[in-house]
Amino acid sequence: MMTHMSRGAKFALYAFLVIVVIITLIPLLYTLSASFKTNFEIAKGGINLIPRQPTFDNFKTVWGMSGTTLDTRTTYADYTVNSLKVSMMTVVLVVFFTSMSAYCFQRGNFPGRNLLYWLFMCTMFIGAGTITIFPLLQITTKLKINNHLGLALVQFGTAGASNLFLTMGYLKTIPKDLDDSAKIDGCSFFGIWWRIILPLSRPILATIALMAFRASWNNYLIPNLMLAGNQRFTTLVVAVVRLQSMGGAGASQYNLMMAGTMLAMLPMLILFLCMNKMFVEGITQGAVKG
Amino acid sequence: MDKRYRNHWDRKEVIQSYLMIAGSVLGMIVFVVIPLCRIMRWCLFSYKGYGTIRYVGLNNFIRVFTRSDKYWLAVKNTFVFAFGKLLVEIPLALVLAFLLTRPLKGRDFFRSVFFMPSMLSVAVIGVVFTYLFNHNQGVVNSAIKLMGGQGVKWFSDGTTAMIMLMIVSIWQNFGINMLFFMTGLQSIPPELYEAAAIDGASQRQQFLRITIPMLGPVMQMVLMNAILGSLKVTDLVLTLTNGKPSGKTEVMMTYIYKRFFGEGGGAAMDYGYGAALTVVTAVILTLVTLLYLRATKKNSEIYGR
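Just so you know, the protein sequences line up as chains A and B, in that order.
Just so we're aligned, residue 1 is where the first sequence starts under the numbering used here, counting upward by one.
Just so we're aligned, residue 291 is where the second sequence starts under the numbering used here, counting upward by one.
Check before you lean on any hint, since a few could be wrong.
Unchecked claim - Covered by chain B, according to a simulated footprint, are these stretches of chain A (three or more residues, beta-carbon under 8 Å):
| hint | segment |
| --- | --- |
| 1 | 133–140 |
| 2 | 214–227 |
As the list claims (entries may be wrong) - Below, a sample of chain B positions facing chain A; criterion: calculated Cβ distance under 10 Å:
| hint | residue |
| --- | --- |
| 3 | 311 |
| 4 | 336 |
| 5 | 384 |
| 6 | 410 |
| 7 | 578 |
Hints were generated in silico from the structure; no laboratory data involved.
Even glycine gets a Cβ: it sits at the ideal position worked out from N, Cα and C.
My request is simple: use the sequences and hints to build the entire structure.
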């Protein structure tokens, strides 16, 4: 699609792209800016991006304060650790089990294989997350797993089948001869996965890990409801949303709110900047091939 | 799998397969299938969070279709939101995808920036924009006032609140759709354009006869995901407007959510009715999917794949 453009056309093109860049970045830049402003300065309004008296106090306050009156000892620092913990557990569960089941569906030969595969396909279209959240909560309560591991399990269970399709697509590119020669050498079905498939599918598993981390870190609805009974377990995104209703008396503390949102967004932004290519691949491949 | 090999199960392999797949299957059954079944059962009962659970047969459904103005308003809002925002989002994504598949300086930079907002938590984005759109202190109104306009009360009027939701949703999602379109465009074999150019086809002809038809299947998938995703919007509405003012931005999912978990004060909980609404909403989503697939069938039949 290489076309030769006149200078004017090229200028218009770049002008358009730059405008879209500005529109995309402005909300984030103002969030960053407000997180360094005093609440007094925010209350005055205005569109100055650079704070008049930049202060780091908002972050210090948020980091050391609690998001609820029910449990004043747990702070936003703890919530951050909670989020990290849950996200890591989710990643391990998703990567381990998805790799195994993708291998079974792609290479295995067992009764009920097509039926199970079809079942996974269906759950992807139903997208059960929001629609079944109430009975889901009843189940986790009954199983007494309203904790971090339980949340990770739920996030793994409701993650949808796109990870599975992504991994299966990748396994197709690994030559079957490798399996066969390992089998001749006496490797079991499980052994082939453990010794050959798992190490060889590392690139796709890294992508899946990243997607699972993102989904878990950003999740709001399920952690909010599941962990409501024990404030110690609250995750960062849930706690940040709670900043909205703090302050009382109509005077919202936007400075703290914005410092909190920065805290919740920064890890994702940093991850995104470092592993941009992997995100792009994970998102497009998962959707297009699924 | 080839039918001929069906009867030659390797017993060891079969057992190992079942054990290996057990984790995923169990996760799906416990956290997806069983909840779905339980929703079906709840439909037939009435329970408000206290007192006894009564069997009411299909009464919940009768209520959905006769005395549920608020729900149907939420349905209407959801469709207004979805089509309003997609009308801007999809063309914008498509145009950007066309521009960025050309050899252009800074292409990767533009792509990354546009795609960045979709990495962030929808709930947190809702919090961010409650500040930006705030009546007195928000940056948006400050900018409007600076240009001589009057501050808009974004949150207290149904129309402006809905527009605000659309703006935020477009802001967050245009990049991801752009990315999908780019993948579609890049998968068109360049030989097609070369051959067409040799045959003397103009740029416009190439675009109409090659690009558009070849993009068809990707387009179908992207639009489908975008429509369903918009109809299922939840977190953004909960954290940005929470249905205010007076239910004018309430959407299907948030309305159902509140039947189960209450509205702030804990009032209005109604499990059986909520379950019936869930089923009706699932049927609506399925109908939309089927209608959409039917409407776009011709397209994919002609161009294959």
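Taking the earlier hints as the rules, which of them does this structure contradict? Hints 4, 5 and 7 contradicted; others consistent.
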